[in-house]
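The numbers in our numbering rise by one with no breaks, and the one at position 37 of the sequence shown is 37.
By construction, these hints were calculated from the structure, which means they are not laboratory data. Every residue, glycine too, gets a C-beta built ideally from N, C-alpha and C. A hint or two may mislead.
[To be verified] Okay, derived cross-link-like pairs now, EDC-like style, lysine to aspartate or glutamate, Cα gap no bigger than 20 Å in a straight line:
1) K70 x E59
2) K32 x D47
3) K69 x E41
[To be verified] Distance windows between CB atoms, simulated:
4) N82 x V124: 36 to 46 Å
5) F17 x D65: 37 to 47 Å
6) R45 x E8: 12 to 22 Å
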Amino acid sequence: MSNICIFEKGALNVGSFGSGVLKDWVTEPKVKRQNEQYEFEGVYRADGANAHLLLKGNEIECTADGRNKKQRFDIVRAVKVNAKHIQVYARHVGHRTKYLDLLPVVKIKGNGIDALTQWKNSLVGNHQFTV
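Sequences are here, hints too, so could you generate the full structure?
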């Protein structure tokens, strides 16, 4: 697997190594693909260089498979199994829009930029997207 980088929540420094490279994996991390969904699992050393950054909400960037390079994953769970290991579970960032709610009546028309802007403005709650 290529370099696995960690990014703090909300970081937009694309094309860099983020907050650092995660090198202290106990076992080779796995990216599973089930029903067109990517999930990341790995066991990291609790005393590893960037173990303090393995928090829910932070992002991991790695290669998912031969065709999908530099994919981002949201850490959904990081459990300290014992004094030596942290079990890390992450979900592909494409799942972020899965739980968003739209206003009851939304009519979208126009070109792609207009449609995305209308979609963004119809979301319930305060969500930050760049169109």
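Here is how each hint holds up against the structure:
Distance check on the hinted pair: K70 and E59 sit about 12 Å apart at the alpha-carbon level, within 20 Å; holds. Taken as a hint, the K32 and D47 pair is broken in the structure, with Cα atoms around 26 Å apart against an allowance of 20 Å. Between K69 and E41 the alpha-carbon distance is near 17 Å, which keeps this suggested pair within the 20 Å criterion. Hint check: N82 to V124, Cβ distance near 41 Å, so the stated range 36 to 46 Å holds.
As the Cβ distance of F17 to D65 is approximately 21 Å, the hint placing it in 37 to 47 Å is violated. With their beta carbons about 20 Å apart, R45 and E8 fall inside the hinted range of 12 to 22 Å.
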